[in-house]
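Respectively, the protein sequence lines represent chains A and B.
Taken in order, the first sequence gives residues 1 to 83; the numbers are from UniProt numbering.
Taken in order, the second sequence gives residues 1 to 155; the numbers are from UniProt numbering.
FYI, nobody ran anything at the bench for these hints, they're computed from the structure.
Certain hints may be false.
As the list claims (entries may be wrong) - To give an idea of the chain A side of the interface with chain B (calculated C-beta under 8 angstroms), a few residues: (1) E12; (2) I13; (3) K19; (4) L23; (5) Y46; (6) I47; (7) M48; (8) V54; (9) D55; (10) L57.
Stated by the list, open to error - Just the calculated beta-carbon pair ranges, DEER-fashion: (11) A:D55 x B:S20: 19 to 27 angstroms; (12) A:D55 x B:A36: 17 to 25 angstroms; (13) B:R75 x A:E26: 26 to 34 angstroms.
Ideal placement from N, C-alpha and C gives every residue a C-beta, glycine not left out.
Now for the letters of each chain:
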Amino acid sequence: MTITSSRITEAEINELISKLHALLPEARRSTRRASAAKLLKETCSYIMSLHREVDDLSDRLSLLITNMDVTSSQAEIIRSLLR
Amino acid sequence: MNRKNYTHPNPNPNYTSNNSMQSLHFIQALARINRAASKPTTPSCRTKQIRHAAYSSMAYTSGSRRKWSRALLIRLRQRQRLRARRLLTVRRRVRIVTPAMSLPEEPARAETLRRLVPGGRSMEYCNLLEEAADYVQCLRTQVQLMQSLVDAFSS
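Isolated chain A (complex conformation) (with noise of 0.2 angstroms):
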């Protein structure tokens, strides 16, 4: 994006945050317009929670791909997941 002044257009600005506000999950997302400061919220606390899932998931793939065999069925999904 250009930066035409050194001041940065309101107008950007909340295209900017309405960009954010459409990647919340539905849950999180309030049905009208909220502010910018409560978006900046959410969206904080929404990435806190993806870094605990982050941490959460890398925990239970550690007691899971330990002794792992991958069977053929886990194989196709992994593909599936490649394509």
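Please build the complex by placing chain B on the supplied structure of chain A, with the hints as guidance.
Chain B only, in chain A's frame:
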């Protein structure tokens, strides 16, 4: 910004080429961790390795295109080097804080967002919002990928 959405004969429209790259990178990392598991590793050590692989895959897929991925790659390599030299003993290390480039009218909540997005401290507010959106998308993809793998290996 349509670099992720070129037309591709993809039976699954939810996956783009970037997603495939991310999946491939992560699965290869998992395979490496699994092979190295012949050496005695504690479960918590393996969890950390997997977590490291997850953020690595995210960062490598976006590569040098994004500020957050560049910052994340630097952070991951620093941690790897410190861990190899067994210097990573404290969880929170002192880091040199560059003064945040906050405009006077931006809400105070942006401070938290700056901490959450890698490299966010030195971004302008406008870039921070853009980077945050990309970071969230990448995180979501990674979580979906890991959930699919957990489901696959649990059955």
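Would the stated hint for D55 of chain A survive a check requiring a Cβ distance to chain B of less than 8 angstroms?
Nearest chain B Cβ about 6 angstroms off; hint holds.
Would the hint on E12 of chain A be counted as holding, given a Cβ-Cβ threshold of 8 angstroms to chain B?
holds (6 angstroms)
Hint validity - K19 of chain A Cβ closer than 8 angstroms to any chain B Cβ:
holds (5 angstroms)
At the C-beta level, are D55 of chain A and A36 of chain B separated by a distance inside 17 to 25 angstroms?
The hint (17 to 25 angstroms, Cβ to Cβ) holds, given that D55 of chain A and A36 of chain B are roughly 21 angstroms apart.
Interface restraint verdict for L23 of chain A against chain B (beta-carbon cut-off 8 angstroms):
Nearest chain B Cβ about 5 angstroms off; hint holds.
How does the Cβ-Cβ distance of D55 of chain A and S20 of chain B compare with 19 to 27 angstroms: does it lie in that range?
holds (24 angstroms)
Cut-off 8 angstroms, beta-carbon criterion: hint that Y46 of chain A touches chain B
holds (7 angstroms)
Against chain B, run the beta carbon of V54 of chain A and see if the smallest gap drops under 8 angstroms.
Result: holds, 5 angstroms to nearest chain B Cβ.
Proposed interface contact between M48 of chain A and chain B, which counts if any beta carbon pair is under 8 angstroms:
holds (7 angstroms)
Between the beta carbons of R75 of chain B and E26 of chain A, is the distance compatible with 26 to 34 angstroms?
The hint (26 to 34 angstroms, Cβ to Cβ) holds, given that R75 of chain B and E26 of chain A are roughly 32 angstroms apart.
Can you verify the interface hint for L57 of chain A: is its Cβ closer than 8 angstroms to any Cβ in chain B?
Where the cut-off is 8 angstroms and the nearest Cβ of chain B is about 4 angstroms from L57 of chain A, the hint holds.
Taking the closest Cβ pair, is I47 of chain A under 8 angstroms from chain B?
holds (5 angstroms)
The earlier numbered hints are all upheld by this structure, with none contradicted.
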